[in-house]
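S.K.: Sequence:
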Amino acid sequence: MHGKEWLEAWQIAAVYIGTVIGAGFATGREIIEFFTQYGAVGTVGVAVSGLLFTWGGMRLMVMARRIGASSYDELNRYLFGRMVSPFVTLVMTVMLAGVTAVMIAGAGAVFEEQLGWARQTGVALTLVLAFVIMLFDRKGLFGINVFVVPMIMLFSVVVFIKTVMAGELCRPDMVAADYSLKAVLSPFSYAAFNLAMAQAVLVPVACEATNERAVKRGALLGGIVLTVLLLLNHTVLLSFPHKNGYDIPMAEVVHTFFAVLYWFYVFVIYGEIFTSIIGGLFGLERQVRIWVPLRGKWLAVLLVSLFMAVSPFRYGELLSFIYPLFGYISLVLLWLLWRRQLPRQ
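Note that numbering that gives the first Met the number 0 has the sequence shown beginning at 0, numbered continuously upward.
Simulated from the structure, these hints should not be mistaken for laboratory data.
Fair warning: there could be bad hints in the mix.
As the list claims (entries may be wrong) - Label pairs and their in silico Cβ distance ranges:
hint: 1; residue 1: Pro240; residue 2: Ile160; range: 16 to 24 Å
hint: 2; residue 1: Glu284; residue 2: Val259; range: 37 to 45 Å
hint: 3; residue 1: Gln340; residue 2: Thr209; range: 33 to 41 Å
hint: 4; residue 1: Leu180; residue 2: Val83; range: 35 to 43 Å
hint: 5; residue 1: Leu153; residue 2: Gly244; range: 23 to 31 Å
hint: 6; residue 1: Gly67; residue 2: Glu284; range: 19 to 27 Å
hint: 7; residue 1: Phe266; residue 2: Gln340; range: 18 to 26 Å
hint: 8; residue 1: Phe320; residue 2: Pro342; range: 19 to 27 Å
hint: 9; residue 1: Asp177; residue 2: Leu134; range: 23 to 31 Å
hint: 10; residue 1: Phe263; residue 2: Gln344; range: 41 to 49 Å
hint: 11; residue 1: Leu305; residue 2: Asn210; range: 24 to 32 Å
hint: 12; residue 1: Glu207; residue 2: Leu180; range: 38 to 46 Å
hint: 13; residue 1: Val131; residue 2: Gly80; range: 39 to 47 Å
hint: 14; residue 1: Val157; residue 2: Phe130; range: 48 to 56 Å
Please read these numbers as outputs of a predicted model, since none were measured by experiment.
Yeah, the Cβ is synthetic: ideal placement off N, Cα and C, and Gly gets one too.
The whole structure should be built from the sequences, with the hints applied where relevant.
M.R.: Given below as structure tokens:
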């Protein structure tokens, strides 16, 4: 049974990592926004975020398991109380819509920055493809993460090694330090935001696990891997002088240091963005269906039509505005995870 428990722990960890490593992480834009722009202080922030991912993920899943929550709505009821939880669920749904809008703009950025196509063309193609997938079973699509997440992990390690070999790692002129309040709050808002967005996946995973020990080990393994990946990508981006000029800086880093795999990496980034879009659209469809009496096909048409409206917005600008804002909103969740008592087993 011991081996089976560890296998389950690794499966939980993989789900946790796959949920947090969204397209913002894969493109590098999210890491710049929360860590790299603050230089050396951002490096300390990565370590703080890693600790919060390990502790917060474990506490969130154990709490959900002990109260028997099968959805994030039930966990919100325990954390926020019956009066406030419907409002929290509404805010989280709006946040999910905002993140999905950022991902759609990110798909447009891949087409514009890496392929030289019009941004609106990329957005339209992605939404048509997403609409087609929404009409069919989603199981096959989520299988993309089984391929995409290990590829992102492999690329993070390879690019880091290439940067070290090129002698470009963290030159002193590139590592300034920012001690502002925004820089200090950044790791807390980043961890809070990602935990809030991961709730929809982590709560049912914890509930279906064989036992609590597997859940704790899964959170621990997931937290450690996330910390290492964050640190590798942050260090590489810190060493790249032109990072702020691109919507998808990691693709430019790969192009500079590892050109032979450049197109493969662009494909992996697009795959990560696309899975994030589908995940967001399905999550929204399930929630909106409770409020709006529309059948699946028409609801998909409505959602896709609404998201066409984000095509004029640039990915980098949208992410820089929406992610930190949602991060600050999510700090309440982090505080309540700490304050609320864990129910007895």
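S.K.: The structure should be examined with respect to each hint, and the outcome stated for every one.
M.R.: Okay, the hints, checked on the actual structure:
The hinted range of 16 to 24 Å is satisfied by proline 240 and isoleucine 160, whose Cβ atoms lie roughly 19 Å apart. Range check, glutamate 284 to valine 259: about 40 Å between beta-carbon atoms, so the 37 to 45 Å window is met. At roughly 25 Å, the beta carbons of glutamine 340 and threonine 209 sit outside the given window of 33 to 41 Å. Range check, leucine 180 to valine 83: about 27 Å between beta-carbon atoms, so the 35 to 43 Å window is missed.
At roughly 26 Å, the beta carbons of leucine 153 and glycine 244 sit within the given window of 23 to 31 Å. At about 25 Å, the CB distance of glycine 67 to glutamate 284 agrees with the hint of 19 to 27 Å. Here the CB-CB span from phenylalanine 266 to glutamine 340 is close to 47 Å, at odds with the stated 18 to 26 Å. Checked against the hint of 19 to 27 Å, the pair phenylalanine 320 and proline 342 fails, with Cβ atoms roughly 38 Å apart.
Evaluation of the 23 to 31 Å hint for aspartate 177 and leucine 134 yields a failure: the beta carbon distance comes to about 47 Å. For the pair phenylalanine 263 and glutamine 344, the beta carbons lie near 46 Å from each other, so the given range of 41 to 49 Å is met. Separated by about 42 Å at the C-beta atoms, leucine 305 and asparagine 210 break the suggested range of 24 to 32 Å. Distance hint check for glutamate 207 and leucine 180: the Cβ-Cβ separation is about 40 Å, which falls inside the suggested range of 38 to 46 Å.
Range check, valine 131 to glycine 80: about 41 Å between beta-carbon atoms, so the 39 to 47 Å window is met. The beta-carbon spacing between valine 157 and phenylalanine 130, approximately 35 Å, falls outside the hinted interval of 48 to 56 Å.
In summary, the structure is inconsistent with hints 3, 4, 7, 8, 9, 11 and 14 from the numbered list given earlier, while agreeing with the others.
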